[in-house]
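Residue numbering for the sequence shown follows my numbering, starting at 228 and increasing by one per position.
Heads up, a few of these hints could be off.
[Claimed, not checked] Here are the simulated SDA-like pairs of lysine to any residue, each with C-alpha atoms no more than 25 Å apart in a straight line:
| # | residue 1 | residue 2 |
| --- | --- | --- |
| 1 | Lys398 | Arg431 |
| 2 | Lys556 | Ser634 |
| 3 | Lys441 | Gly566 |
| 4 | Lys568 | Ser554 |
| 5 | Lys556 | Asn336 |
| 6 | Lys441 | Lys625 |
| 7 | Lys555 | Leu501 |
| 8 | Lys556 | Leu641 |
| 9 | Lys556 | Ile346 |
| 10 | Lys441 | Asn394 |
| 11 | Lys625 | Lys398 |
| 12 | Lys430 | Ile346 |
| 13 | Lys398 | Pro449 |
Derived by calculation from the structure, the hints in this document are not laboratory data.
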Amino acid sequence: MQHSLPMEKNAPCVPLDEYLVVDTAKFPKDRVRGLTYPCVAHSCANHSQSHSVCSIDREACSMGEVCRQHRCDDGCKLGDSSNFLVPVGSWIRLTDRDSMEVIIHIDCNICTCYKGVEICSSRQCLTSEMLPEEQHRYTGLPCDCSDQYVPICAVNGKTYPSACLANCAEKLSDLKFKYGDCSMGDPCSSPDACPSGTWCMPKRAVCLSVPLEKCQQYECDPPASRNLPSVAYQSPKLTEGECHGDGVQVCGHNGETYPSKCVAWQHKTTVDYLGPCEAVGPISDVDTVSQCDTIDCPELLSTNCMGITPPGSCCPVCAGLIRILFSKKEADTVALAMGSKALHLEDVLELLRRQIVVSECDLYGFLSIEGDIVVLVTPVPKNPSVVEIEVCNREAVKLEALINTRSPLLVSYLQLTPLLAASTRKVAVTENSAALALCRPTYLQLILLFVCICLQKLLKDR
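Work out the full structure, taking the sequences as your base and the hints as a guide.
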């Protein structure tokens with residue numbers, strides 16, 4: 228039994244056990260389970276290299292599983308005087324202290340002045356200054372495009388709901404897109420796609436860099452891989468755990484259709500609804516898009532979560548949402564520095580994912596129809612607790628701060644230097660869940676309770 232130290236020699240000891248044991252009647256176990264931090268101090272202390280970088284080894288776990296394992300990669304310092312490590316083989320960029328920018332909001336847009344150039348998001352804002360006829364024409368979609376769903380595949384590898392939205396987002400000519408989902412086309416149709424002695428394998432990608440013509444949608448593999456149907460289905464994780472027997476077609480929040488939810492997860496996107504994509508959703512809370520009225524949205528992960536609907540999607544997701552403004556000019560510079568290799572969205576998301584230190588949260592994202600990057604930090608457990616939802620909110624807020632301050636934790640990685648500004652929306656919890664979170668005693672509350680008990684004992688003795 229644990230006792231508190233008395234404030235006076237003759238004062239009785241106060242047992243603390245009753246304050247340290249959770250009352251399961253009031254606080255069920257599924258609401259107070261702990262969080263997992265695989266990369267705690269000295270996680271890689273026994274690694275063969277003295278300099279190693281720790282990260283959550285999500286590749287060692289099945290999809291949809293809370294991964295409690297970590298991995299240690301050989302690291303190198305960014306200079307002799309720096310203690311910051313990056314994995315060996317990373318593309319890095321030494322930070323420039325003179326490249327700080329100012330972030331401002333103009334109506335519903337976020338803007339920044341970076342290296343003397345003003346860069347703003349391209350959201351369509353509904354303002355009080357608009358004339359009645361302008362408000363009547365307002366659709367909420369970029370360039371006041373209609374919500375008609377006629378999907379096209381642009382040369383950057385993204386499926387847009389219509390040619391109007393593609394032209395507005397990427398300033399593409401009609402020669403730079405094809406009608407239909409990007410998943411419908413065969414990137415290996417050309418016999419000259421790969422050199423002799425190799426086999427062309429589809430590998431879908433969304434490119435952020437400006438020279439979009441170089442957004443390759445395949446890779447050239449040795450002949451041994453010829454019998455595999457597609458790179459997208461090579462991972463054994465697509466037949467394990469939740470993915471076993473999963474063959475229901477889904478629409479991702481990125482507007483792409485996938486053969487299953489696990490293939491969508493593997494492409495770093497969350498599921499919008501079951502079935503192929505067939506609608507464009509609202510961009511903001513004031514938009515009214517009727518196409519989503521016919522969509523049957525799946526239930527949220529938890530009754531604790533109110534959910535957030537990502538821009539252009541139909542159904543909410545339980546996640547902290549970050550909208551990231553990036554510089555296409557900087558993305559082009561990055562592509563040039565990497566040997567004219569296009570900057571892929573998936574590479575950016577994977578580097579951001581390494582900043583998530585809690586196993587109960589994972590990171591997904593997509594390129595929005597407004598041209599910015601949407602990142603979702605979502606709980607991994609099937610029925611997340613209030614604490615798990617809140618910690619994912621905080622992870623999202625942390626990423627926002629790292630981006631807005633141009634933290635070396637991010638901009639030391641070359642692929643992340645185009646990220647200029649971010650804004651976060653935290654997912655809300657229900658009133659009952661909020662009350663439960665407030666009622667749960669914290670260490671500070673326990674200390675205050677202990678002090679009050681001691682004072683009461685002293686006053687009583689006197």
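Q. Quick one, are Lys556 and Asn336 close enough, alpha carbons at most 25 Å?
A. Given pair Lys556, Asn336 holds - Cα atoms ~19 Å apart, limit 25 Å.
Q. Within 25 Å, alpha carbon to alpha carbon, are Lys555 and Leu501?
A. 33 Å, violated
(Q) For Lys441 and Lys625, compute the direct alpha-carbon distance and say whether it is at most 25 Å. (A) 33 Å, violated
Q) Given the hint that Lys398 pairs with Pro449, does the C-alpha gap stay at or below 25 Å? A) 37 Å, violated
Q) Are the Cα atoms of Lys441 and Gly566 separated by 25 Å or less? A) 12 Å, holds
Q) Has the given pair, Lys556 with Ser634, been kept, meaning a C-alpha gap of at most 25 Å? A) Distance ~20 Å between Lys556 and Ser634 Cα, so the pair holds.
Q: For the pair supplied as a hint, Lys556 and Ile346, confirm whether the alpha-carbon distance does not exceed 25 Å.
A: 10 Å, holds
Q. Is Lys398 within 25 Å of Arg431, Cα to Cα?
A. 22 Å, holds
Q) Is the Cα-Cα distance between Lys441 and Asn394 25 Å or less? A) 19 Å, holds
Q: Could you grab the alpha-carbon distance between Lys568 and Ser554 and see if it respects the 25 Å cut-off?
A: 17 Å, holds
Q) Given the hinted pair Lys625 and Lys398, is their alpha-carbon gap at most 25 Å? A) Distance of about 33 Å is beyond 25 Å: violated.
Q. Does the structure keep Lys430 and Ile346 at a Cα separation of 25 Å or less?
A. Violated, at about 31 Å.
Taken one by one, the earlier hints fail for this structure at numbers 6, 7, 11, 12, 13, listed in ascending order.
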